[in-house]
Amino acid sequence: MECIASVNKLRLKFPEEKGLLFKDLSISFQEGEKVLLLGPSGCGKSTLLQVLSGLIPQSIDIPIKSESIQIPYSWGFVFQDPDSQFCMPYVDEEIAFVLENLQIPREEMTVKIKELLTTVGLCLDDIHTEIQTLSGGMKQRLALATVLALDPEVIFLDEPTALIDEEGTAEVWDTVKAISKDKTIIIVEHKIDQIIDVIDRVIVFTHDGKIMADGNSTYIFSNFKEELKRFGIWYPSAWEEYKKEKVQNTLTKHSDSLLRLENFRGYRKKENAITLEKAAVHSGEWIAVTGANGAGKSTLLLSLMQLLKTSGDYRIDGCSIKSFADLNNRAYFVFQNPEYQFLTNSVLEEITYELRQRNEESHADVFKKANDLLTIFGLKDKQKQHPYHLSLGEKRRLSVATAFIQNPQVLLLDEPTFGQDSKNTFKLLELLQEESQKGTIIIMVTHDLNIIHHFATTVWKVKNGKVITDWKKDDMKTGSEGDVYEYIF
Amino acid sequence: MSNRLKLTDILVTIVISIGFGILYKIWGPLYYAVKPLGIHIDQLIYGMWFMAATVAFLIIRKPGVALLAEVAASSGEFLMGSEFGLEVLLYGIIQGLFAELLLMAFRYKRYDLLAVSMAGISSCIGSLILDFYKGYIGDLSTWNLILYMAFRFIGTILFTGVLAISIVKALEATGVTNLVRSSSQKDFNSLDQ
Amino acid sequence: MNISFEESWLHKVNPALKLITLTFLFVFVVMIHHLNDMITFTFTVSILFFFCTGHSYKRILLFLIPFLLVFFSTAVSMILFGKGETTLFKLGIVNVTEESLFRGLHLGFRALVFAMMGMTFVLTTKPVLLFYSLMQQLKLQPKYAYSFMAAIRLMPIMFEELQTILDAQKVRGVHSQKGIRSLLKDIKSLPIPLLSQSIRRAFRIAVAMEAKRFNSTNERTYYYHLGFSIFDLLFIGYFILMISLGYLFATEFPLFPVTDVRY
Ligand SMILES: Nc1ncnc2c1ncn2[C@@H]1O[C@H](COP(=O)(O)OP(=O)(O)OP(=O)(O)O)[C@@H](O)[C@H]1O
Ligand SMILES: Nc1ncnc2c1ncn2[C@@H]1O[C@H](COP(=O)(O)OP(=O)(O)OP(=O)(O)O)[C@@H](O)[C@H]1O
Ligand SMILES: [Mg+2]
Ligand SMILES: [Mg+2]
Numbered sequence: 001m002e003c004i005a006s007v008n009k010l011r012l013k014f015p016e017e018k019g020l021l022f023k024d025l026s027i028s029f030q031e032g033e034k035v036l037l038l039g040p041s042g043c044g045k046s047t048l049l050q051v052l053s054g055l056i057p058q059s060i061d062i063p064i065k066s067e068s069i070q071i072p073y074s075w076g077f078v079f080q081d082p083d084s085q086f087c088m089p090y091v092d093e094e095i096a097f098v099l100e101n102l103q104i105p106r107e108e109m110t111v112k113i114k115e116l117l118t119t120v121g122l123c124l125d126d127i128h129t130e131i132q133t134l135s136g137g138m139k140q141r142l143a144l145a146t147v148l149a150l151d152p153e154v155i156f157l158d159e160p161t162a163l164i165d166e167e168g169t170a171e172v173w174d175t176v177k178a179i180s181k182d183k184t185i186i187i188v189e190h191k192i193d194q195i196i197d198v199i200d201r202v203i204v205f206t207h208d209g210k211i212m213a214d215g216n217s218t219y220i221f222s223n224f225k226e227e228l229k230r231f232g233i234w235y236p237s238a239w240e241e242y243k244k245e246k247v248q249n250t251l252t253k254h255s256d257s258l259l260r261l262e263n264f265r266g267y268r269k270k271e272n273a274i275t276l277e278k279a280a281v282h283s284g285e286w287i288a289v290t291g292a293n294g295a296g297k298s299t300l301l302l303s304l305m306q307l308l309k310t311s312g313d314y315r316i317d318g319c320s321i322k323s324f325a326d327l328n329n330r331a332y333f334v335f336q337n338p339e340y341q342f343l344t345n346s347v348l349e350e351i352t353y354e355l356r357q358r359n360e361e362s363h364a365d366v367f368k369k370a371n372d373l374l375t376i377f378g379l380k381d382k383q384k385q386h387p388y389h390l391s392l393g394e395k396r397r398l399s400v401a402t403a404f405i406q407n408p409q410v411l412l413l414d415e416p417t418f419g420q421d422s423k424n425t426f427k428l429l430e431l432l433q434e435e436s437q438k439g440t441i442i443i444m445v446t447h448d449l450n451i452i453h454h455f456a457t458t459v460w461k462v463k464n465g466k467v468i469t470d471w472k473k474d475d476m477k478t479g480s481e482g483d484v485y486e487y488i489f
Numbered sequence: 001m002s003n004r005l006k007l008t009d010i011l012v013t014i015v016i017s018i019g020f021g022i023l024y025k026i027w028g029p030l031y032y033a034v035k036p037l038g039i040h041i042d043q044l045i046y047g048m049w050f051m052a053a054t055v056a057f058l059i060i061r062k063p064g065v066a067l068l069a070e071v072a073a074s075s076g077e078f079l080m081g082s083e084f085g086l087e088v089l090l091y092g093i094i095q096g097l098f099a100e101l102l103l104m105a106f107r108y109k110r111y112d113l114l115a116v117s118m119a120g121i122s123s124c125i126g127s128l129i130l131d132f133y134k135g136y137i138g139d140l141s142t143w144n145l146i147l148y149m150a151f152r153f154i155g156t157i158l159f160t161g162v163l164a165i166s167i168v169k170a171l172e173a174t175g176v177t178n179l180v181r182s183s184s185q186k187d188f189n190s191l192d193q
Numbered sequence: 001m002n003i004s005f006e007e008s009w010l011h012k013v014n015p016a017l018k019l020i021t022l023t024f025l026f027v028f029v030v031m032i033h034h035l036n037d038m039i040t041f042t043f044t045v046s047i048l049f050f051f052c053t054g055h056s057y058k059r060i061l062l063f064l065i066p067f068l069l070v071f072f073s074t075a076v077s078m079i080l081f082g083k084g085e086t087t088l089f090k091l092g093i094v095n096v097t098e099e100s101l102f103r104g105l106h107l108g109f110r111a112l113v114f115a116m117m118g119m120t121f122v123l124t125t126k127p128v129l130l131f132y133s134l135m136q137q138l139k140l141q142p143k144y145a146y147s148f149m150a151a152i153r154l155m156p157i158m159f160e161e162l163q164t165i166l167d168a169q170k171v172r173g174v175h176s177q178k179g180i181r182s183l184l185k186d187i188k189s190l191p192i193p194l195l196s197q198s199i200r201r202a203f204r205i206a207v208a209m210e211a212k213r214f215n216s217t218n219e220r221t222y223y224y225h226l227g228f229s230i231f232d233l234l235f236i237g238y239f240i241l242m243i244s245l246g247y248l249f250a251t252e253f254p255l256f257p258v259t260d261v262r263y
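Protein chains in written order, with this note's numbering: chain V, 1 to 489; chain E, 1 to 193; chain R, 1 to 263.
Take the hints with a grain of salt, since some may be wrong.
Heads up, simulated SDA-like pairs for lysine to any residue below, C-alpha to C-alpha not over 25 Å straight-line [claimed, not checked]:
(1) R:Lys126 x V:Arg230
(2) E:Lys25 x R:Ser4
(3) V:Lys23 x V:Ser84
(4) R:Lys170 x V:Ser180
(5) V:Lys23 x E:Met149
(6) E:Lys134 x E:Arg4
(7) E:Lys109 x E:Val34
(8) V:Lys243 x V:Glu262
(9) E:Lys134 x R:Lys188
(10) E:Lys169 x V:Lys114
(11) V:Lys65 x E:Arg107
(12) E:Lys6 x E:Lys134
(13) V:Lys114 x V:Ile64
(14) V:Lys114 x R:Lys188
(15) V:Lys438 x V:His453
(16) E:Lys25 x R:Lys188
Which chain V residues face chain E? A few, computed with CB under 8 Å, are given here [stated by the list, open to error]:
(17) Lys9
(18) Pro63
(19) Met88
(20) Tyr90
(21) Lys384
Now the in silico label distances, taken between C-beta atoms and shown as ranges [said to hold, decoys possible]:
(22) V:Leu102 x E:Phe132: 47 to 55 Å
(23) V:Gly32 x R:Leu190: 46 to 54 Å
(24) V:Lys114 x E:Asp192: 33 to 41 Å
(25) R:Lys126 x V:Ser311: 35 to 43 Å
(26) V:Gly32 x E:Gln193: 49 to 57 Å
Hints listed in this document are in silico derivations from the structure and should not be mistaken for laboratory results.
Given the structure is predicted, the values throughout are model-derived calculations rather than measurements.
Every residue, glycine too, gets a C-beta built ideally from N, C-alpha and C.
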């Protein structure tokens, strides 16, 4: 086998940061390998992929230094944000853009486009479909198709499924499996369950960008379990072990129902986008909202937060809620995309924003609370950093952390655990659990079956704009795993 | 470190400018709403149309950006169906060219209030020349013409100078400008720590 | 824009040729100084605008409303304050003369023609095809053309983003205070996140494009081939014919007695 990509003694530092992200890192990849890069959130995995593909420093101007670097002759890259990797409005035009770059004759294009779409399993009636109308999973498969059009030796995948549902994730990885023959594939991903059988080499990074272990997956997962656990990196049985260690809490039943909904509807552009017939939620309840991409989960949360027009009877604590002002800080919402929520220019300011805004607590208290949260979420060293310069997982954690500073009666979270390593996922869930024990209602969108099983007390399933509220979690546990899957999705 | 426009520079410039194009499109009816007053209050807000050039230049700081930004902003406005029609394209090109020439005179080395205000005024002169041919402004009574020009110059300095600088300052604080500016030798040297 | 319409023959005219023709006409219009010629040319353009874009009359009339506003406001300031000798009406600083009246009307028609020509172009040209045509016929560098196309794709996404940013700020209590001062603060709190978010997005897309082997210096093939057809002749022929006819008409049956509107 031949070496196909490598870097020797890599040094990299972000402008205006103190320390080096990588100090003399050496790594190499052989032809045909399927490699998974694992590491705690913020250790530099995304950055490393960009270096290995030559995007840094050619397209992204960040100074690097290395003794030698070998960039693959041909490569493709799937980025994690489905919305910012396309430059054309229509599916066929996007793939054609790549074919044009490769100077494929025009007559061959249509056939090629159809072929590529079939390969990735994106079956459209008309190839001239607007990209904006595709779901997240479909967009990522389109991204894979454009990458395949390049016929690359190496494919880099940076958390390509971070924003898509269970079903979409499975589809994307199935596609990757199907196309991975005689290609080198380098993957960054936190959730490993679905890809473990594609991978033949795993490289584990420490939080400060050094290689901790390198070898085939059985070797890594049997010999380094303790380290993985300590560093908070996902490994196949992470959930089982977590369950064993932590005693499951039982919900202290509050009998009062705090939140009531009847014939509740949310509207987008005057059209009924979400309907919920009837629900009564007790304080301390933890509701998992689940459903396919585009089913209307975010729409439901936006409606509950009164950011969309709504109708019907909606009460919190007996007060009728008709507009955003009626909520009066009773509810807080963490958006699906954390970037929108950032208002200030540093992590610390960001987390203390609401408190300073309201002048509720004394200065010292504010900082104590903020400091605690930053420590818990591993953002302590980054408190001076600009929120936009965090890694994806760190951004997510910061946006969720702002929710804990509030004391809302209802906490709405849109996929708070995506892109997180195991340590941070568990910490976050435990914090949420604490809140719910204090009596806060938690309504949380998630695709993660484990969370639904072990933390949620109630499941709301959203399907085609309708919320089905009478699924009992206990019902879900009956039947085999397969049935459960069917049941939810 | 090259001064040629890279794809990232071009795309960022065009996206910012098309954003301005949207703003211009909204600005158009506003302009026409105050225009019939006749005493040229409208000219005070005319400076908005020169802003894309200076904002984009202040962000990217490379030759050619100011011209590209004005052209892109006016194309954006045009493609959205501007009330001004084709006229906006012509004005965009001329205004961009005039701003560019002035920045070139400063060798693209100055990013301060004076430089950008002057670039704005240069665009403004370009637009006045066009108005002269197209709008027969030379045929306005003299006092009216002076009022017309004075208001436009004042507005220009406010928008392209003061407002543009303060917007870019705020953007720099968000760190986004680092994306499109080249890294310095200092950053490079610090790798040897 | 996602609006339905029929494709008309104007859609089939080569976009670059259409743009160049209209640019020539633009210069031509600036050189018309006779009100009568201006009116016949307005008529020429109106026919295309009203009947040949393939869009419904309702929509066309809707577009016409702001154009009329433009007509009005352009005309008015020249009518009221323009130079002239034959005074028709005088009140304080307002001095309406026959010359300024005709000049004002002339300017109004001119603005109206520009607006209608522009709109006719926009309504009958797909941006993507326009930029492909500019690359093929006018050798526009691909890096500019694709940047434009990417930016146009981003436009609706930016509008959605604006809404989301507003919502997020609301949740975080940015817009909680009332009154004029905080209204100003609210307005100030929008452009910066919107701009910085669009710059980031634009940057990511540019990086993604380069990751897809986009290289401006290479030769490239084109998915859409744009050539010339009989419709291009028709388009140019229409204007030549109508302008000649209009000129004849204007000299034979002048509506207004003015010759040159300039002072
Ligand atoms: N432009 C930047 N300026 C300064 N620091 C940055 C910048 N981009 C990233 N960083 C920092 O570099 C580190 C590595 O980021 P990177 O995105 O590579 O992490 P990651 O391993 O992919 O994490 P995640 O799993 O959360 O995506 C992070 O700590 C981040 O804060
Ligand atoms: N801003 C918007 N305007 C109009 N329609 C929208 C908008 N956002 C989403 N939709 C539509 O509303 C429906 C529900 O979208 P929503 O974002 O609530 O789905 P979701 O269940 O949260 O999906 P995901 O898992 O991808 O986050 C989809 O069909 C979507 O196309
Ligand atoms: Mg990452
Ligand atoms: Mg959603």
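Problem set entry | Holds or violated: Lys134 of chain E to Arg4 of chain E, with C-alpha atoms at most 25 Å apart | Distance ~35 Å between Lys134 of chain E and Arg4 of chain E Cα, so the pair is violated.
Problem set entry | Restraint check for Lys169 of chain E with Lys114 of chain V, where alpha carbons must lie at most 25 Å apart | Distance of about 48 Å is beyond 25 Å: violated.
Exercise. Does the hinted range 46 to 54 Å hold for Gly32 of chain V and Leu190 of chain R at CB?
Worked result: 51 Å, holds
Problem set entry | Distance restraint between Lys134 of chain E and Lys188 of chain R, which requires alpha-carbon spacing of 25 Å or less | 36 Å, violated
Exercise. Holds or violated: Lys23 of chain V with Met149 of chain E, Cα cutoff 25 Å?
Worked result: Status violated; Cα separation ~60 Å.
Problem set entry | Pair hint Lys65 of chain V and Arg107 of chain E, alpha-carbon separation not exceeding 25 Å | Violated: Lys65 of chain V and Arg107 of chain E sit about 32 Å apart, past 25 Å.
Exercise. Per the hint of 35 to 43 Å, is the separation of the Cβ atoms of Lys126 of chain R and Ser311 of chain V within bounds?
Worked result: 39 Å, holds
For this session: Starting from Lys23 of chain V, check that the Cα of Ser84 of chain V is at most 25 Å away, please.
Result: 30 Å, violated
Exercise. Has the given pair, Lys109 of chain E with Val34 of chain E, been kept, meaning a C-alpha gap of at most 25 Å?
Worked result: Violated - the C-alpha atoms of Val34 of chain E and Lys109 of chain E are around 38 Å apart, more than 25 Å.
Exercise. Measuring from the C-beta of Tyr90 of chain V to each C-beta in chain E, is the shortest one below 8 Å?
Worked result: 17 Å, violated
Problem set entry | Holds or violated: Lys438 of chain V to His453 of chain V, with C-alpha atoms at most 25 Å apart | 21 Å, holds
For this session: Would you check the hint for Lys170 of chain R and Ser180 of chain V, treating anything up to 25 Å between C-alpha atoms as holding?
Result: Violated, at roughly 46 Å.
The structure shown violates the earlier hints numbered 1, 3, 4, 5, 6, 7, 8, 9, 10, 11, 12, 13, 14, 17, 19, 20, 21, 24, 26.
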